[in-house]
Amino acid sequence: MSFLTDIGHVLLTADLWRAALEAAVLLLLPALGGVISERSGVVNIAMEGMMLTGAFFAVVADLAWQNPWLGALIGILAGGLMALIHAVVSIRFRADQIVSGIAINIFAAGLTLFLVQRIYGLQDVGHVGQSSLLPYINIPLVDQIPFLGRVLFQQNVVVYAAIILLVLVQIVLFRTRLGLRIRAVGEHPQAADTAGINVYAIRYGAVITSGLLSGLAGAFLAIGISNTFVPNMTDGRGYIALAAMIFGKWRPLGAFVACLIFGLGQAIYDANSVIHVSQYLLSMLPYILTLVVLAGVVGRSIPPAADGLPYAPENE
Amino acid sequence: MSTQPTEKLAVEMRGITKAWPGVVANDHVDLSVRAGEVHALVGENGAGKSTLMNILYGLVRANSGEIIVNGTPARINGPRDAISLGIGMVHQHFMLIPVFTVGENIMLGREPVAGPGLYDYGRARKEIADLTKRYGLDLDPDARTGDLPVGLQQRAEIVKVLYRGANILILDEPTGVLTPQETDELFVVLRGLVKEGKTIVFITHKLREVLAISDRITVMRRGKVVGHLTTKDTNEQEIATLMVGREVLLRVDKKPANPGAVTFRVENLTANSDRGVQALRGISFDLHKGEILGIAGVEGNGQSELVEVLAGTRRPTGGKVLLGDNDVTTADAREEREAGVGHIPEDRRGVGLVLNYSIADNLILGRERSALFSWRHLLLRLDAIRAWARRLVKEFDIRTPSIETQARALSGGNQQKIIVAREMASNPKVLLAAQPTRGVDIGAIEFIHRRLVAERDEGAAILLVSAELDEIRSLSDRIAVMYEGRIVSFEPADAPEERLGLLMTGGGGSGERTGAA
Amino acid sequence: MAASSATLGKTPGPRLPSGLRRVAGGFAVPVGSVAFAFIIGAVIVVVTGGDPFKAYAGLLCGGFGLACANGENSALQISTTIVFLTPLLMAGVAVALPFRAGLFNIGAEGQFLAGAVACTIIGVKFSSLPAPILLPMVLLGGMVAGAIWAGVPGVLKATVGAHEVVTTIMLNYVAQWLIRYLIVGGPLQLPHGFSASPPIGVGARLPSFLPNDNTLIIFGLPAGVYRVHTGLIIAIAALALFAVLLWRTALGYEIRAVGQSQKAARYAGINVSRTIIVTMVIAGAFAGLAGAIQIAGVDHNLTDKYFNDTTGFDAIAVALLGLGSAVGILFASILFGALHAGGSVMQADAGISSSLVQVLQALILFSIAANFLRVLRVRFPTFGRRPQAPAPETAGATLMTESAKAPPSEST
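Chains as they are written, first to last, in my numbering: chain A, 1 to 316; chain B, 317 to 833; chain C, 834 to 1245.
Don't read these hints as lab results, they were simulated from the structure.
Warning: the hint list may mix true and false statements.
[Stated by the list, open to error] DSS-like cross-link-like pairs, simulated, lysine-lysine; straight-line CA separation at most 27 angstroms:
1. B:Lys571 / B:Lys540
2. B:Lys745 / B:Lys571
3. B:Lys605 / B:Lys442
4. B:Lys745 / C:Lys887
5. B:Lys636 / C:Lys1096
6. B:Lys605 / B:Lys571
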């Protein structure tokens, strides 16, 4: 079995695990956003579109100002703006959240392509210079630890940020008043309302946060990992993040584990040169694994009770 | 009779009007609740009681009128305002999150803080323990709410309201889901609360509870206040007359029954409720051709489950059901129907009808594959369906502009007539009628009663389940009383109401009587 | 509150015949949504420095052959629109039918691709068979593949309650990666070729309406350039079948009952789980047929353009815009077919990226889903009297599904 020995060989390299963590973080950010949004009761399948928008505007801003931080900020805000549309349509107008999510994804794909042409004509978007990329930072001392140092402490700044965000979201959701209220709104909005909680405010906040996180992921992809924008560059990562969210049972840490698994798959895919199995078959794995989880083979994954249901007070 | 100026008022509502599109739920309603009293708000379903209280709690905004709380005019734009005014509400459908613990549910919205944004569950638990001790409400704050029995969930709701510092408690139909024993416990709690100086508004349509717990009464009918009463100066008859608007005379003309052979035999039937609790604990009875057997009982004693099992929409866990010589114990809904069991379900809008279907389509629900209405189970015979619908609309006096009208657009009484027509028109051997006249107007009630008797006279065996004891007594030829999943007694049709009431609440009877005759 | 609708139904006013009124009311939302999308789209064009009139003139020319500025051939444009709309008709049904059962089939794309793959594999492997045998084989093969692709979510939904939206999304990507696997270095790739499969056998191809004869000149162009193919007939037949299935069969009655109220369906003795599975399988067969016909009628082989195919996603917009009815799907397919065909003309004539079409499509979806029109009417009472009470429920994304969830409790 040359396939297995190849895999075994690759698994031993620190570079593979480093790449896996990086790929995982790219999925983790939108997955965290999905967790927050759905915990508040708004189904979000629009992480793909929010990421793509974030990626595009991060590149636009970075090219304009040669400043990756500004680029990232604009990317984050662009993602948040897309999320705001999703929020208004599905909360204020009580639209079907799935239709709205699909619309966001189509809108993002169409709009970015449209704008590429309006802004850059038929040429390429252009490349962001090396100095204007989100930097990789080696953390002194610990980065010298054999193997682990390479994997954990020679990463992009966004990777560190994402790990902090992961811990933060986990704590916020399960240890804070805000988190309790977010979960209450996602389980039983009427109960939350009668307890004096502003259901709409919580939901708007949660959905917009999901957009900010997805926008950051887009920026990371475009001006961290890559250095330009190409149409449809997210290539389904927003959907894999959705899968990770479900796989992780709507919990931040669970989603992270799923992202690591998927990220490892991605890293192996990228190391394809030494593996004799189709990268495309490997790419199916996250989706098939999620189906298996959904089928209940590995324990049920149950969404928040009010996930996807618009909230209409009796009054209206 | 209304307010006495010397008394301090906790709540005063003046000229409250609320119109929904097409219906006025509250029409210039006045209500005054004295501090420290139990005020009963009574009326039939749909009289506007809940709307009024939802307005007070800020869930519904009135079109006009004013609210004065503790002597100060109040603007209540949402539950938050109501809570800050010391108003709390225990809703008919509990506002509890099943996956949260009781403690989390109680503290929600008013969580004690431990650190930056962090909540302090320990402190909340202690506060809850203090409250429960003070009011004698036994409750485990760490239990998962969804696992608790309904009575305890309601208790959690009450504690939740108290935890928010409410002085004025609104309870919307609190006893509807409780067993008689739990109701008694609730009343003890309420009296304790009043002793502590709380004011209670108690919504109900059960007269005995009104007399048992309240100090004063406001009666509503069709969105209007029709009377303010003082409990100790009134009686059931007076309240009932005000509620319904005329002397209730549920007299049904019928000949004595002429029961024939046993059509339906139920032996030692057991089944579980949706929550997996045993709801039927060995039910046995015989139902004869040409008789109406009434099932009396407080709601929630297994009547719903019994009907569902017999209709094939719920699986029994044991026992036997025979239709003639046919074993239909495990038959599904379609097989039961084909075997000749008609079923008028208790949930008209949710179960008995597809509200967005036309009347014609609703009239073939469950029979769409019968040879009468479809060709080889495949193509619908639209002409036959239309002819059938036109016939039934006429025969059952369904008031509708056309047979293509959506069922949703009809009144409750006419909706119910669609179901009655459909279930009777196939000449069933057995008819299961669950709450057949609930929430319909008096004209429809009389019509449905006449049809049930006519069906009996034509030889159907009818099982009538109703929460209205009057209905049971005036229609049935025999009465079976259900209590906690068992038939505790078979009674003659003319059994005195007092005796039935006692049996229904677990008293009186010396266990099972003559049994299946 | 239950009584409210009864009184509303009899709102006084001009008494149009109810059928006519229903049709007029039914068109208001989709037409309004399209208008909304075009207005916002124009704003986007203006803001980015383009001329919306030129852009839309390009779309009109490209889609319907009208008002062409640069001498485009009208007949060819219409032919192109028809080629685009043909698969949309069937894929639209694949979304609309599950809608009626209360299911949201996001997976028409995956089912479409599965159908295309099956058609290609059969068409290539048995390329020597004659058309009377091979053509039914490839079409049936496509239907079966689509049915399987949709059946899995159906079974998962019916048995373990897995949400069909998520499962169908996952299967979309599985299908996409499957195609990449097959034609990029996989077993279906042409030797030494680009990312494409070998062509299917001649017997597997659907004939065009016009002979592929470049000496025959029709509307000023050789007949061979018009690619309108007989798949259109199959698509229209499929659409008619959908209407009959839904409204004239016992199964359709049951599918709709399940979508309206599962409780009522159970009470009626309808096997809800089975109905869900059957609905998905039938829907998948429609989408799979669309995929097969796209291969058999237009492309004749799998190419890398299927990596970016959006037919199944367009179908969601088609089904929603068409309010789930056969006639609606027909009109919505024409619109989206024309938009796709018009996009390239707009790009060439007006210099506006054809991706504006996607933007318009998204805006239509937003508008339909949010039902902005209804909200406008509620907020400004003078905007127009509310029509019959049930009208809002028939529109929007909750359109055919369980709309009974919302109303507050019956008591008081």
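Hinted pair Lys745 (chain B) and Lys887 (chain C), Cα distance within 27 angstroms: violated, 73 angstroms
Is the straight-line distance between the alpha-carbon of Lys636 (chain B) and that of Lys1096 (chain C) 27 angstroms or less? It holds: about 25 angstroms lies between the C-alpha atoms, which stays within 27 angstroms.
Straight-line alpha-carbon gap Lys571 (chain B) to Lys540 (chain B), limit 27 angstroms: violated, 40 angstroms
27 angstroms limit on alpha-carbon distance, applied to hinted pair Lys605 (chain B) and Lys571 (chain B): Status holds; Cα separation ~15 angstroms.
Holds or violated: Lys745 (chain B) with Lys571 (chain B), Cα cutoff 27 angstroms? holds, 20 angstroms
Between Lys605 (chain B) and Lys442 (chain B), does the CA-CA distance stay at or below 27 angstroms? With a Cα-Cα distance of about 62 angstroms, the restraint between Lys605 (chain B) and Lys442 (chain B) is violated, given a limit of 27 angstroms.
When each numbered hint is compared with the structure, violations occur for hints 1, 3 and 4.
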